[in-house]
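There are 4 protein chains.
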Amino acid sequence: MQNFPAGLSKAEIDRVRNELQTKTARLTSPELEEILYKPFPVLDHGFIRVTDYMGTDASIVQAARVSYGVGTKKVQEDQSLINYLMRHQHTTPFEMCEIKLHIKLPIFVARHWLRHRTASVNEYSARYSILSGEFYLPEISQLAQQSETNKQGKSSREFNRADADEVVNILEKFCEDARESYSHMLNDLSLARELARIVLPVAVYTEMYWKIDLHNLMHFLKLRSSPNAQYEIRCYANIILEILKKWLPFTYEAFVNYKQDAVFVSKKSADLIKRMLRGEKIVWEESGLSKGEWQEFKTTFELKD
Amino acid sequence: MQNFPAGLSKAEIDRVRNELQTKTARLTSPELEEILYKPFPVLDHGFIRVTDYMGTDASIVQAARVSYGVGTKKVQEDQSLINYLMRHQHTTPFEMCEIKLHIKLPIFVARHWLRHRTASVNEYSARYSILSGEFYLPEISQLAQQSETNKQGKSSREFNRADADEVVNILEKFCEDARESYSHMLNDLSLARELARIVLPVAVYTEMYWKIDLHNLMHFLKLRSSPNAQYEIRCYANIILEILKKWLPFTYEAFVNYKQDAVFVSKKSADLIKRMLRGEKIVWEESGLSKGEWQEFKTTFELKD
Amino acid sequence: MQNFPAGLSKAEIDRVRNELQTKTARLTSPELEEILYKPFPVLDHGFIRVTDYMGTDASIVQAARVSYGVGTKKVQEDQSLINYLMRHQHTTPFEMCEIKLHIKLPIFVARHWLRHRTASVNEYSARYSILSGEFYLPEISQLAQQSETNKQGKSSREFNRADADEVVNILEKFCEDARESYSHMLNDLSLARELARIVLPVAVYTEMYWKIDLHNLMHFLKLRSSPNAQYEIRCYANIILEILKKWLPFTYEAFVNYKQDAVFVSKKSADLIKRMLRGEKIVWEESGLSKGEWQEFKTTFELKD
Amino acid sequence: MQNFPAGLSKAEIDRVRNELQTKTARLTSPELEEILYKPFPVLDHGFIRVTDYMGTDASIVQAARVSYGVGTKKVQEDQSLINYLMRHQHTTPFEMCEIKLHIKLPIFVARHWLRHRTASVNEYSARYSILSGEFYLPEISQLAQQSETNKQGKSSREFNRADADEVVNILEKFCEDARESYSHMLNDLSLARELARIVLPVAVYTEMYWKIDLHNLMHFLKLRSSPNAQYEIRCYANIILEILKKWLPFTYEAFVNYKQDAVFVSKKSADLIKRMLRGEKIVWEESGLSKGEWQEFKTTFELKD
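Protein chains in written order, with the working numbering: chain D, 61 to 365; chain F, 61 to 365; chain Y, 61 to 365; chain S, 61 to 365.
Please keep in mind that the hints were generated in silico from the structure rather than gathered at the bench. As the structure is a computational prediction, the values presented were derived from the model and not from experiment. One or more hints might be untrue.
Copies of the same chain look alike in the list, so a pair counts if it fits in one copy or across any two.
Unchecked claim - In silico lysine to aspartate or glutamate, EDC-like type, Cα no more than 16 Å apart, as pairs: (1) Lys364 - Glu199; (2) Lys327 - Glu362; (3) Lys334 - Glu346; (4) Lys341 - Asp365; (5) Lys358 - Asp331; (6) Lys282 - Asp104; (7) Lys282 - Glu313; (8) Lys305 - Glu94; (9) Lys351 - Glu137; (10) Lys83 - Glu93; (11) Lys305 - Glu91; (12) Lys328 - Glu313; (13) Lys319 - Asp331; (14) Lys328 - Glu254; (15) Lys98 - Asp237; (16) Lys327 - Glu313; (17) Lys233 - Glu91; (18) Lys334 - Asp365; (19) Lys334 - Asp321; (20) Lys306 - Glu93; (21) Lys98 - Glu236; (22) Lys98 - Glu302; (23) Lys70 - Glu94.
The whole structure should be built from the sequences, with the hints applied where relevant.
Following this line, the structure appears as structure tokens:
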């Protein structure tokens, strides 16, 4: 039986890829085939690799034509149909594609990730197996940047270079301790795996197979590639965006325009836009928006005071 | 862009299959490739054909090994691992495979079908397109058989050959009328499609693309291939069972033994079995089971009175 | 055991409502309690009634405060928090409320309805029970209006009053025939219920209990109260909107502003708005939009040529 | 607006319970009302409390009667209908009930918990809020017991009392270090919350609101109250079982008999039982079962060698 173990070297992956080469009559994405099974590095020890997929841009078109009967129209280009579907939030045809990824990631990232429920997952189990003991250690530049934005109105004190060095030292030492305690309790004291692992910090790396349909994948990407998402999961989302671009070029373009960078405008804000486009000057007091919303509105449409 | 229209002749299907042939490094099921896109007839006008799939028996094994760490054990045969997973209801690895079917079926069958919610569907829309006007007409042998079992305690009157003939006449005439009314309201009176279709009986055929993961497919097959399911949907389920056998031979065997023909035994019934296996004679009054459950118990284990 | 049968008279409903009155420490919506169990008529024979619910606006606030830690902020009004959640598409707190409806509706409406998969349903079964034989008959005014909009580029012929009369005659006669055939095959010929029902047109009424969480309910309402939805399901959606208003007044208001009447603006369109708000004049040729999208853009923001 | 903050004293809970008391015409479970909002302690720092619910045993009966038309039968007792539904795996009526729990639990337990995807969750966010710094510390008796069963074929060395003491020391010291590092990085170094928390071990407690329907709850309970589940999550499952018993007494009884303690018998094993009940003696070599399955079979039915 064919099988594909994780953790192979580049040469081995090429060998296995060659061995697996076979004929299919299924729709095939040539660019995605190029990178099948090849790991893309993420963060310090993580990776993402595509291990399987189903469907192409053509599968979406095909499903839509059954459903919306658009096949009855004579000349309807595939790309503009995909744009149309995305623009009007006809989501079911996008469910017809699937992708399966093998991902290595820290537990705190996995915890955000698995909040997306409409997906299939098999994760490495620390009840049955011994974790590698690799931990995520943020880069120094990240420490400052995230501390700036994730302060949530706390102290006004600046996070400086000396702080960063100390944090790195703490994290390094701490993870070293965790690794040792884990190993000692397992090997010297014969403690159950399921208990020994409770000392492991959420920075420890785990692995999973994750399978999701395209509609739900795009929802994941919209949320997790957003500037509001935590930096670490954004790194993963950005790699998947690159993968999406290779896999489904038309869908990728439509996604960027109609979903990722699209703007959701409330009824009240849309009414303001209409009035402003007719030449009205509007100040906050007359806008009917809350202070926060008015600020968001101005930022979104690059309005000056 | 590659595409694959429905309703092709056998020769055309062969031609398209050939055109689509390409290389892939994905796991491939040779037997399923043989029948890809080819329609299997069901009932009088229906069909099922596989239009895409993802994964093989090996994909299940691979996912399980990440998750349950069973890869750490040296010699664990793939087939016995699949048996083990099925026996112990470890369902997530089976979600790693997907299949996409193109199905033509009467609306009353589709209504049962779509009660299975964890699947993706694009159905032909009678709001936007004109339905074919093909109707399901049961065979005479079926009329009697189903009337025997689906009486639900009604009249004891036998359904006879003359009845069957009359029913067939009624159904034929009725469907002819529906077809004419539909067509007349659409074409001569320019009534909206979405309204004209409300005269169509639930015997009318519709089409859909249906994509589902293997775990949910097996649940569907368990319920819809059971003798309790209505005959018409059972015909479809039986075809899909044949497809499953080609696609995933190990999983198919495990499914039959551990799911389709398996027996769910309540705690109380299991206790009865234990006592009987120790040589006790048990009569209903001492069994602790309701009359109906006792009857089911005896039937299941072929006990005499 | 308490129970609540369908199809009661107004007086009986009041009696049962009184009998059921009891104390609870659960969060309670006073306005929704007023209408509990009372049917709202829809179309010619349909209805909707609330048979149970869980949660109030306060439940959403409570869940959000655990999750987003916004409880740490001192003065955050409940209503503005609900607005904030809706505006930023933080959907999980809205899943904390549930509503259960008892609905009587034609099968073709139920078919659209049940495409919403994240809900629980028990529908009347025509395999086991005999359908009432009530059919939906559209009003004459509707026939013309829908035929105008659901033509899908077909004939330019006007649908006139004489056509409408003929359609109504056809539908009436047809449904009468269906009712008679159904009844004759069941009662005189002892045909199985599951087969006799295949003559019933999709205009026949069925009943169901439908339970859904608030997040998915709002998605349903967004799609099914839209002018693009078929008139008949819109009638149901509009009743549910009234129910929502009584149940969760803050959520209802936020829904209307941020979801139902909100506008989804693509990146390209948002860029156009920015430029126009700075005073640029833009014509289609420079817009980068397709013809159809440009038209939609102008309509949305009420731009003149 | 009514609201119910977490972390109240017993007296405060009683006061809030009294304040919230109001009338409802919804179906109400008197025994569950008694414990509403009251926390049940689990492990060293955890708890479970019911914060809302919808439906009673009667809601299940009501939904089933619409669907399976069993209402047509005159005398069908509610309890035996619930037994019937559970025995025949008619699961949809059980979806008509919902429960919402507030749970405090260690992260490694939450990770197992949230693998159950068909539920709604709002979890305390360590990106936005500061974690309490309470850690789970297993009892000494547990250390030995779990190490016995979760060894997975590892060393044959016995886990002894001295080992246990050492493990407890390590865990205590380790958690103290984690708490200090976390606090130091947050407060003294102004590190972002989302980064400071990565040192926290998976033994740290978190909180969540968890809402689930009864069908999915029973699936959760079946898996997580099983001896194969890790001890810590079993403690939570056992409390929920007590809650279920108060909430839905008929369903609880049916659950124990037909689900929790029921036995899944493969086709092959069922055939063996039939033969043995007819008096045949069967040895493994003739059984057609694998060695492992034969062993399980003998254990299940208490067969001697």
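Exercise. What label fits Lys70 with Glu94 when the C-alpha limit is 16 Å: within, between, both, or neither?
Worked result: Within one copy only: 14 Å inside a chain, 33 Å across chains, cut-off 16 Å.
Exercise. How would you label the pair Lys364, Glu199 (within, between, both, or neither) given a Cα cut-off of 16 Å?
Worked result: For Lys364 and Glu199, neither the intra-copy (36 Å) nor the inter-copy (53 Å) Cα distance is at most 16 Å.
For this session: First find the shortest C-alpha distance between Lys83 and Glu93 inside one copy, then the shortest across copies, and answer within, between, both or neither for a cut-off of 16 Å.
Result: For Lys83 and Glu93, both the intra-copy (13 Å) and inter-copy (9 Å) Cα distances are at most 16 Å.
Exercise. Should Lys282 paired with Glu313 be assigned to within, between, both, or neither, using CA atoms and 16 Å as the limit?
Worked result: within (13 Å within a copy, 26 Å between copies)
Exercise. Between the shortest in-copy and the shortest cross-copy C-alpha distance, which are at most 16 Å for Lys327 and Glu362: within, between, both, or neither?
Worked result: Answer is between: at 13 Å across copies they meet the 16 Å cutoff, but 19 Å inside does not.
Exercise. How would you classify Lys334 and Glu346 at a CA-CA limit of 16 Å: within, between, both, or neither?
Worked result: This pair counts as within: shortest intra-copy Cα distance 14 Å, inter-copy 20 Å.
Problem set entry | Alpha-carbon proximity between Lys233 and Glu91, which holds within one copy, between copies, both or neither at 16 Å | neither (43 Å within a copy, 52 Å between copies)
Problem set entry | Within, between, both or neither: Lys334, Asp321 at alpha-carbon 16 Å | Answer is between: at 14 Å across copies they meet the 16 Å cutoff, but 21 Å inside does not.
Exercise. For Lys282 vs Asp104, is the C-alpha pair at or below 16 Å within one copy, between two copies, both, or neither?
Worked result: neither (24 Å within a copy, 40 Å between copies)
Problem set entry | Homomeric proximity label, Lys334 with Asp365: Cα distance no greater than 16 Å | So Lys334 and Asp365 pass the 16 Å test across copies only (14 Å; inside, 18 Å).
Exercise. Within a copy, between copies, both or neither: where do Lys358 and Asp331 come within 16 Å Cα-Cα?
Worked result: Classified as both: same-chain Cα gap 14 Å, cross-chain 13 Å, threshold 16 Å.
For this session: Indicate which option fits the pair Lys327, Glu313 if close means a Cα-Cα distance not exceeding 16 Å: within, between, both or neither.
Result: For Lys327 and Glu313, the Cα distance is within 16 Å only across copies (11 Å; inside one copy 27 Å).
Hints 1, 6, 14, 15, 17 and 21, counting from the list given before, are not met by this structure.
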